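There are 2 protein chains.
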Amino acid sequence: MVAVRTKVKEETLDPQDWDAMRALGHQMVDEMMDYIATLRERPVWQPLPDEAKDHLREPVPHEALGAEQAYEDFKQYVLPYPMGNIHPRFWGWVMGGGTPMGMLADMLAAGFNPNMGGGEHAGKYVEEQVLNWFKSIMGFPPEASGLLVTGGSMANLVGLAVARTTKGKFDTRKEGMQNGHAKMVLYASAETHSSVQKAVELMGFGSEALRKIPVNDAYEIDLAALEKAIAADKAAGYHPFCVVGNAGTVNTGAFDDLAALEKITRREDMWFHVDGAFGALAILSPDITPRLDAMQRADSVAFDLHKWMYVPFEAGCVLVRNEEAHRRAFSLTPEYLKHADRGVAGGSSWFSDYGIQLTRGFRALKVWMSIKEHGLDKYGRMIQQNIEQAQYLAELVKASPDLELLAPVPLNIVNYRFTAPGKSDVELNAINTEILFRLQEHGIAVPTSTMLHGKYAIRVAITNHRSRREDFDLLVDQTLRFGREITAG
Amino acid sequence: MVAVRTKVKEETLDPQDWDAMRALGHQMVDEMMDYIATLRERPVWQPLPDEAKDHLREPVPHEALGAEQAYEDFKQYVLPYPMGNIHPRFWGWVMGGGTPMGMLADMLAAGFNPNMGGGEHAGKYVEEQVLNWFKSIMGFPPEASGLLVTGGSMANLVGLAVARTTKGKFDTRKEGMQNGHAKMVLYASAETHSSVQKAVELMGFGSEALRKIPVNDAYEIDLAALEKAIAADKAAGYHPFCVVGNAGTVNTGAFDDLAALEKITRREDMWFHVDGAFGALAILSPDITPRLDAMQRADSVAFDLHKWMYVPFEAGCVLVRNEEAHRRAFSLTPEYLKHADRGVAGGSSWFSDYGIQLTRGFRALKVWMSIKEHGLDKYGRMIQQNIEQAQYLAELVKASPDLELLAPVPLNIVNYRFTAPGKSDVELNAINTEILFRLQEHGIAVPTSTMLHGKYAIRVAITNHRSRREDFDLLVDQTLRFGREITAG
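Keeping their order, the protein sequence lines are chains A and B. Just so we're aligned, residue 44 is where the first sequence starts under our numbering, counting upward by one. Just so we're aligned, residue 44 is where the second sequence starts under our numbering, counting upward by one.
Hints may contain errors.
It does not matter which identical chain is meant; a pair holds if it fits inside one copy or across any two.
As the list claims (entries may be wrong) - Derived SDA-like pairs (lysine to any residue); straight-line CA-CA distance at most 20 Å:
1. LYS217 - HIS282
2. LYS277 - GLU218
3. LYS255 - LYS466
4. LYS441 - TRP176
5. LYS212 - ASP276
6. LYS118 - LEU82
7. LYS498 - ALA275
8. LYS255 - LEU523
9. LYS306 - VAL103
10. LYS255 - SER374
11. LYS441 - GLY389
12. LYS118 - GLU447
13. LYS466 - HIS224
14. LYS226 - GLU251
15. LYS226 - PHE213
16. LYS421 - GLU447
17. LYS212 - SER237
18. LYS212 - GLY223
19. LYS421 - ASP93
20. LYS210 - PRO58
21. LYS255 - LEU375
22. LYS271 - HIS282
23. LYS421 - GLU84
24. LYS118 - ALA437
25. LYS178 - ASP97
26. LYS178 - HIS98
27. LYS118 - GLY465
28. LYS217 - HIS105
29. LYS212 - LEU82
30. LYS466 - PRO444
These are computed hints drawn from the structure, not numbers from a lab. Since this is a predicted model, take the numbers as computed values, not measurements.
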């Protein structure tokens, strides 16, 4: 026995009074449930007053304020000023809103708090199960691999990293892109999400290496232009290694012709990655399933669960058909991370071998509990409901002589504008910009905007399980109201 | 007015019975509080039985099981089989455990659920405030920039990406590494965390470009070897652009001579990045502050809040001294993400312009509420407590003739092994491997392992606010017990 023993009064961050912390937790649950249940009664969005901004600029507190005060500050300065995305009339960008169960599951995840980088513990099996569920949903084989990630940006990055190591003609991890090999180039439509370009830049390809192929009138990739670009690059001595297909573009919800892209990539021995950030999950809607047939044969597919699975941020997913290729792109195991045969460092595979993060949170739990709560079929109905709401809104727009639909509505995104006789596009752009600001500032609704062929579009992306048709009635009414006020003014 | 109106019964994922969901939330709060308050009474870790594994391999449920059943499944198949890191006697890898407030704050974050990619809402101000707090803690100027990220891997990646665009002699985002420019190379000690190599590989430098510089007996970077490597690379026509310094290495907690690295990088016009995954926060301990003086002048610093700030996963942070350089490395704003002057798309700066993620969760809230709960000074005391616990354990090891300390203990990491007369290193490696398995499998404690100069080390990394000195007494007692059992057997 060793001789050294001392008695020291040690501190902890656990509460001194567990009952008080428990009571605070109950209060938080009650007030958040009230908050969510009554969302519809409040403005979608409102600006922060200066008092709140001032509080949120105070220097770091050195002394304890206590748990209750920390929560009071949250209620006073944060909770009244949401982004709005959990509200029934938020349709900005492409966002989900979360659910009460998602909220509670994130509490359990943070309390249980496993490090999902690896090791042998229940969390690992939960994430593997969730991944297996999504493999079956997306038509990937059970031996495929996957990873839950922070979102679509990371899912695309992981997919492209696997594409590089797999299709590279040299050891890309060791030699990198600096050794004078034939320039690797990849292809995606001009409507592809900016996260693909960001990934290409980060990976050292250079944005020049991303060939942005024009789209047709339906905002789908122009296949002839793609074929021509590949042929030209090959003739110039470049190495075309990957095509990114879109399952639901961010501007209009368009689907590229995935079957054609699959055929081209097979013929050219290229990687076929599908960015299905929200559109991939539309596979759960019987109307859309046929359009996603070829996605099920892609080499990798990226999609979000915090969009059209409605779980709270953050939860994205990437699936890779070839598990070995996936692991080869990321696995790196120094001594201090050595996997063991027994104990907590056991486990046949570590998630950190399949992506960028080593430490990883338990984002699988909210997905796991949400799917158990509602069953997968309900998610199919909710997605279908959003698609039908988009059709409904498109019909409202078409039925109004003062509104103009600016793009086809193949999925859940509606682009429209207010029009007025004799106004130029430039004038209409200004009018519709002002309409959008007023819709937001009056707390009525939050669409966002995009530009389509030089026309400013009020853009409504519906991945919201709280929206009802009456909400779109209101949107149209208020668009017309503001449009008439502005043009009369 | 438009004419189309229909009445459709629409579904939602919100509960039909809010009171039942509220009651379930109360139950979860109570049971998680009990679980955390009684951690010490349970084994640190235990293997999953086959029954749990079988449940966690079931196919996706198509029908609803309901919220209560989802929680029951969590309690039955997940909660009993933790990784162990929230337990007082977990010292594996480098992990934090979280706190009850961190758990509750993550619930609030998931309920409120803003997308922290950008826009004008309270969440944005909370993260900016948290970043400002850490700028002041790390001695960075208020005009510096920063970002909360998933953890140290991402923080290092972001720092290195800014280093590349800033120190690159061409447009690295546009041209990438494929255009035949002088090869960019960077330097870090052989003890540097694997996430740096992963970042270097992902970014297309190739792992060859990461010059791993040997260390001295204290596991600190060998400065003469570094100088020599830089000179040799310059002579060979390469472009040395960055040095990564360690503030707390993962194996032993060593600090590189940051002042010397700062001087070298200034002279050579190189980027100075500090990986302070856990060590950077030791700046809050007066004993350590002087060693981190030069970190305050680094170009970028990466650190985790889910390690030595004890918040639940995931929360890392990267600070970049030059805001404009940071933005230039990542900003990319297509039409559908255009920042606006007014409304929800307003806000002078968007976090998505400073990193890889576009959609971002509200990880700032748990940090904000935790610091308010306890005050910053308490975190300094907790970190100091862990450092003193490491010294205490080192003294216990040194006081025992059957134990050997395998490395200096400059911070919070203790590497030791059981020894026995006449045993070779190979034999001792096997004995200590078995000791470690038994410590874990008996649920007593979770250290992990590393190899130091061919010797298998039981490695104890203390970033645990629940550990007490008596826990290290137990660790030593049980190490000796298992060691003697094994060598006697």
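Hint check:
Taking the shortest alpha-carbon separations for LYS217 and HIS282, both the intra-copy value of 18 Å and the inter-copy value of 18 Å come in at or below 20 Å. Taking identical chains as interchangeable, the C-alpha atoms of LYS277 and GLU218 lie at most 20 Å apart only when they sit on different chains, with a minimum of 19 Å there against 22 Å within one chain. Taking CA atoms no more than 20 Å apart as the test, LYS255 paired with LYS466 passes in neither setting, with 33 Å inside one copy and 65 Å between copies. Within a single copy, LYS441 and TRP176 get their C-alpha atoms no closer than 40 Å, and across copies no closer than 52 Å, so neither meets the 20 Å cut-off.
Taking identical chains as interchangeable, the C-alpha atoms of LYS212 and ASP276 lie at most 20 Å apart only when both belong to the same chain, with a minimum of 16 Å there against 26 Å between chains. When the C-alpha separation of LYS118 and LEU82 is checked against a cutoff of 20 Å, the pair qualifies only within one copy, where the shortest distance is 15 Å, while the shortest distance between copies is 31 Å. Taking the shortest alpha-carbon separations for LYS498 and ALA275, neither the intra-copy value of 33 Å nor the inter-copy value of 57 Å comes in at or below 20 Å. In this assembly of identical chains, LYS255 and LEU523 lie within 20 Å of each other by CA distance neither inside one copy nor across copies; the values are 37 Å within and 65 Å between.
Within a single copy, LYS306 and VAL103 get their C-alpha atoms no closer than 58 Å, and across copies no closer than 31 Å, so neither meets the 20 Å cut-off. For the homomeric pair LYS255 and SER374, the shortest alpha-carbon distance between copies (19 Å) is at most 20 Å, but the shortest distance inside one copy (31 Å) is not. For a Cα distance limit of 20 Å, the shortest separation of LYS441 from GLY389 qualifies neither inside one copy, at 60 Å, nor across copies, at 30 Å. For the homomeric pair LYS118 and GLU447, neither the shortest alpha-carbon distance inside one copy (41 Å) nor that between copies (53 Å) is at most 20 Å.
With identical chains, the CA atoms of LYS466 and HIS224 are never at most 20 Å apart, being 54 Å at best within one copy and 52 Å at best between copies. In this assembly of identical chains, LYS226 and GLU251 lie within 20 Å of each other by CA distance both inside one copy and across copies; the values are 10 Å within and 19 Å between. For the homomeric pair LYS226 and PHE213, the shortest alpha-carbon distances inside one copy (12 Å) and between copies (17 Å) are both at most 20 Å. In the homo-oligomer, the alpha carbons of LYS421 and GLU447 never lie at most 20 Å apart, since the shortest distance is 33 Å inside one protomer and 60 Å across protomers.
In this assembly of identical chains, LYS212 and SER237 lie within 20 Å of each other by CA distance neither inside one copy nor across copies; the values are 27 Å within and 25 Å between. Taking the closest pair of Cα atoms, LYS212 and GLY223 come within 20 Å of each other both inside a single copy (12 Å) and across two copies (17 Å). In this assembly of identical chains, the alpha carbons of LYS421 and ASP93 never lie at most 20 Å apart, being 43 Å within a copy and 30 Å across copies at closest. In this assembly of identical chains, the alpha carbons of LYS210 and PRO58 never lie at most 20 Å apart, being 54 Å within a copy and 47 Å across copies at closest.
In this homomeric assembly, LYS255 and LEU375 come within 20 Å of each other (Cα to Cα) only across copies, at 15 Å, whereas the closest approach inside a single copy is 33 Å. Proximity of LYS271 to HIS282 under the C-alpha cut-off of 20 Å is restricted to the intra-copy arrangement: shortest distance 14 Å within a copy versus 37 Å between copies. Taking the shortest alpha-carbon separations for LYS421 and GLU84, neither the intra-copy value of 26 Å nor the inter-copy value of 41 Å comes in at or below 20 Å. When the C-alpha separation of LYS118 and ALA437 is checked against a cutoff of 20 Å, the pair qualifies neither within a copy, at 38 Å, nor between copies, at 46 Å.
In the homo-oligomer, the alpha carbons of LYS178 and ASP97 lie at most 20 Å apart only across protomers (18 Å), although the nearest pairing inside one protomer, at 48 Å, exceeds that limit. Taking the closest pair of Cα atoms, LYS178 and HIS98 come within 20 Å of each other only across two copies (18 Å); inside a single copy the shortest separation is 46 Å, beyond that limit. With identical chains, the CA atoms of LYS118 and GLY465 are never at most 20 Å apart, being 49 Å at best within one copy and 66 Å at best between copies. In the homo-oligomer, the alpha carbons of LYS217 and HIS105 never lie at most 20 Å apart, since the shortest distance is 46 Å inside one protomer and 45 Å across protomers.
When the C-alpha separation of LYS212 and LEU82 is checked against a cutoff of 20 Å, the pair qualifies neither within a copy, at 54 Å, nor between copies, at 52 Å. Taking the closest pair of Cα atoms, LYS466 and PRO444 come within 20 Å of each other only inside a single copy of the chain (14 Å); across copies the shortest separation is 91 Å, beyond that limit.
In terms of the numbered hints stated before, the structure departs from hints 3, 4, 7, 8, 9, 11, 12, 13, 16, 17, 19, 20, 23, 24, 27, 28, 29, listed from lowest to highest.
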